[in-house]
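Please put together the full structure from these sequences, using the hints given.
Protein chains: 2
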Amino acid sequence: MKDKIIFSIENDLCPVASALKVIEGKWKLPIIWVLCQNGTLRYNELKKSVVGITNMMLTSSLKELEESGLIKRVQFNEIPPRVEYSLTKAGEKLLPVLDELAKWGEELIK
Amino acid sequence: MKDKIIFSIENDLCPVASALKVIEGKWKLPIIWVLCQNGTLRYNELKKSVVGITNMMLTSSLKELEESGLIKRVQFNEIPPRVEYSLTKAGEKLLPVLDELAKWGEELIK
DNA sequence: CAGAATCCCACGGGATACTG
DNA sequence: CAGTATCCCGTGGGATTCTG
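Just so you know, the protein sequences line up as chains A and B, in that order. Residues in the first sequence are numbered consecutively from 1, following UniProt numbering. Residues in the second sequence are numbered consecutively from 1, following UniProt numbering.
You may find that some hints are simply not true.
Pair by pair, the computed Cβ-Cβ distance ranges are [to be verified]:
id	chain 1	residue 1	chain 2	residue 2	range
1	B	Leu13	A	Ile79	50 to 58 Å
2	A	Val51	B	Met56	29 to 37 Å
3	A	Thr40	B	Asn77	55 to 63 Å
4	B	Ser68	A	Thr40	42 to 50 Å
5	B	Glu107	A	Val83	21 to 29 Å
6	B	Lys110	A	Val51	29 to 37 Å
7	B	Glu107	A	Arg73	18 to 26 Å
8	B	Asn77	A	Gly25	36 to 44 Å
None of these hints come from the bench; they were simulated from the model. For glycine and all other residues, C-beta sits at the position ideal for the given N, C-alpha and C.
Here is the structure:
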């Protein structure tokens, strides 16, 4: 009997486990999704686009996504302040995943 | 300025939100993933394949996935008991998503 | 406008033991 | 073998307030 493919968060052999580790949490995929769809967004635009998210979760999620190299933060030193977020090249590579997920979600709705 | 695409868990207009609602939780995608890769698995095989999962989470996740119509449970009335799990047609429709996710995860590892 | 700082709690999930 | 039944806890995340 052939060996089974396993899922393990511990060792880094499972690509799905590695992927999930980066996009875990309630709000990361939603954030990436709206950035995908809308392109560059300001902080407050993000907050309106991701319905229900709080300042704390938005800020912390953005920070983690930035550290993972998926999104880019550009700060303009103006008054009032302006900060724009967008996907990096690496972040855009998630597009196929989200597209498939959206397709699948559409099926669910109908 | 054109309207922005939003993510909202509340109303069912966002396909990504609808999708995430079904596969939320720490273990559902892992379970679906190993069923994808290995085909039909028995309870204990699942438990070994999804490293770290507890009986409780395995049981409850399987139940929810079954209720969502993504997996199929077949029970054989033997001694000792045997129960086999596999993806339904609907569950297999998640394959493209997982494939893309796995591809993306591979990139992360390298 | 774009956050940071606190406080706080529900609950998702873990550990262990038990059973048809 | 394939689960249940309890007990329990950490922390992900919410609500609110404050600030450069």
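Within 29 to 37 Å or not, the Cβ separation of lysine 110(B) and valine 51(A)?
holds (36 Å)
That 55 to 63 Å hint for threonine 40(A) and asparagine 77(B) (C-beta), does it hold up?
The hinted range 55 to 63 Å holds for threonine 40(A) and asparagine 77(B), with Cβ atoms some 59 Å apart.
Tell me if the beta carbons of leucine 13(B) and isoleucine 79(A) are separated by a distance inside 50 to 58 Å.
Because 37 Å falls outside the window, the suggested range is violated.
Can you tell me whether the CB distance of serine 68(B) to threonine 40(A) sits inside 42 to 50 Å?
violated (35 Å)
Look at the Cβ atoms of asparagine 77(B) and glycine 25(A) and judge whether their distance stays inside 36 to 44 Å.
Holds: the Cβ-Cβ distance is about 42 Å, inside 36 to 44 Å.
Take a look at whether the Cβ-Cβ distance between valine 51(A) and methionine 56(B) falls inside 29 to 37 Å.
Because 32 Å falls inside the window, the suggested range holds.
Look at the Cβ atoms of glutamate 107(B) and valine 83(A) and judge whether their distance stays inside 21 to 29 Å.
holds (28 Å)
Between the beta carbons of glutamate 107(B) and arginine 73(A), is the distance compatible with 18 to 26 Å?
holds (22 Å)
Of the numbered hints stated above, those contradicted by the structure are hints 1, 4, listed in ascending order.
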